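**Student:** All chains, full assembly: derive it from the sequences and hints.
There are 2 protein chains.
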Amino acid sequence: MIKGIGHIGIFVSDIAAAVESLCKTFDLETPAIQDVPERSMKIAVIPWGAAALELVEDYSDDGAVARMVKERGSFIHHFCLLSDNIEIDITNLQSNGAQMAQPEPVLGLRGKRTAFIQSGVLDNVPIELSEP
Amino acid sequence: MIKGIGHIGIFVSDIAAAVESLCKTFDLETPAIQDVPERSMKIAVIPWGAAALELVEDYSDDGAVARMVKERGSFIHHFCLLSDNIEIDITNLQSNGAQMAQPEPVLGLRGKRTAFIQSGVLDNVPIELSEP
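Note that the protein sequences, when read in sequence, are chains A and B. All residue numbers for the first sequence refer to the working numbering, where the first residue is 1 and numbers rise by one. All residue numbers for the second sequence refer to the working numbering, where the first residue is 1 and numbers rise by one.
Hints listed in this document are in silico derivations from the structure and should not be mistaken for laboratory results. Note that this is a predicted model, so its numbers are computed, not measured. Heads up, a few of these hints could be off.
To be verified - Under 7 Å between C-beta atoms, here's a sample of chain B residues computed to sit facing chain A:
| id | residue |
| --- | --- |
| 1 | Lys3 |
| 2 | Gly4 |
| 3 | Ile8 |
| 4 | Ala18 |
| 5 | Leu22 |
| 6 | Cys23 |
| 7 | Thr25 |
| 8 | Gly49 |
| 9 | Ala50 |
| 10 | Ala51 |
| 11 | Gln94 |
| 12 | Ala98 |
| 13 | Leu122 |
| 14 | Asp123 |
| 15 | Asn124 |
| 16 | Val125 |
All C-beta atoms in this analysis are idealised placements derived from N, C-alpha and C, irrespective of residue type, glycine included.
**Tutor:** Spelled out as structure tokens, the structure:
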């Protein structure tokens with residue numbers, strides 16, 4: 001079952017600067033910035049009330065995320081829905097007509113199983129499912 | 001005090017289609033679509049777990065939102081933080097060095113007092129404060 005909104009995924013040009021600025025402005029506890037070298041990405045999660053911000057920097061030269069951020073600057077890329085049984089939820093979404101970008105869950109940057117819904121449900125706004 | 005993430009603000013090209021598609025795909029209760037003719041905008045709020053989606057369509061020909069959506073399609077524009085005392089929170093943010101786009105709260109589409117933080121805290125990602 002889909003439990004609702006879990007996090008907001010924001011692609012940023014400089015994760016260290018973004019974390020510092022956010023935490024200074026809002027008096028937030030500074031989160032760890034995790035490096036995922038096999039993906040050339042860094043990630044930080046800031047729980048904030050009942051949901052969270054997920055900041056991602058792609059420090060490769062020509063990765064898809066790096067290219068998007070070069071083109072338009074830091075931006076909100078997706079929102080993520082929490083699923084307590086991702087296989088069943090994918091099947092239910094497919095029954096309702098949704099196309100999955102990933103019909104089988106894949107391991108996300110945070111080590112959780114996730115799957116993106118193909119663009120189309122909300123125009124081109126990316127929607128992610130994830131284990132909690 | 002800022003209580004955390006309240007909603008995700010998504011600008012859409014066709015709010016009726018977006019609401020129908022989301023509710024069909026995710027078996028959600030269909031929300032009311034509210035017309036705000038003095039702003040040439042329609043708005044729908046979909047509570048989803050602990051946070052909410054706020055869909056906004058600008059049906060004017062040349063409004064700022066309409067122009068952005070024409071250029072890039074529907075997209076996630078901002079996230080909103082809930083504040084239980086918006087004047088005090090604005091003052092605190094300013095003390096921490098944040099520039100407000102709206103130093104005094106203004107009435108948002110939903111009739112709540114809101115204020116956007118000037119771009120810069122999280123690069124150009126818009127961040128809104130709002131009464132709950």
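**Student:** Would you mind marking each hint as holding or not holding in the structure?
**Tutor:** To see whether the hints hold, each was checked on the structure:
A cut of 7 Å between beta carbons decides the hint on Lys3/B: the least distance to chain A is about 5 Å, and the hint holds. Annotation: interface hint on Gly4/B holds; nearest CB of chain A at approximately 1 Å, less than 7 Å. At a threshold of 7 Å, the smallest CB-CB gap from Ile8/B to chain A is about 5 Å, leaving the interface hint in force. For Ala18/B, the shortest C-beta to C-beta distance to chain A is roughly 6 Å, which falls under 7 Å, so the interface hint holds.
A distance limit of 7 Å between C-beta atoms decides the matter here; for Leu22/B the minimum to chain A is near 6 Å, and the interface restraint holds. Given hint, Cys23/B at the interface with chain A, is violated; its Cβ is 10 Å from that chain's nearest Cβ, farther than 7 Å. Checking Thr25/B against chain A: minimum C-beta separation of about 5 Å stays under 7 Å; hint holds. At about 1 Å, the closest approach between the beta carbon of Gly49/B and any beta carbon in chain A falls short of 7 Å, and the interface hint on this residue holds.
At about 3 Å, the closest approach between the beta carbon of Ala50/B and any beta carbon in chain A falls short of 7 Å, and the interface hint on this residue holds. For Ala51/B, the interface hint holds, the least distance from its beta-carbon to any beta-carbon of chain A being 4 Å, beneath 7 Å. At a threshold of 7 Å, the smallest CB-CB gap from Gln94/B to chain A is about 10 Å, leaving the interface hint violated. The interface hint given for Ala98/B is met, as the beta carbon of that residue sits about 5 Å from the closest beta carbon of chain A, less than 7 Å.
Taking 7 Å as the C-beta cut-off, the interface hint given for Leu122/B holds, the closest approach to chain A being about 6 Å. A cut of 7 Å between beta carbons decides the hint on Asp123/B: the least distance to chain A is about 4 Å, and the hint holds. Of the supplied interface hints, the one on Asn124/B holds, with its beta-carbon coming within about 5 Å of a beta-carbon of chain A, less than 7 Å. A least Cβ separation of about 6 Å between Val125/B and chain A falls short of the 7 Å threshold, and the interface hint therefore holds.
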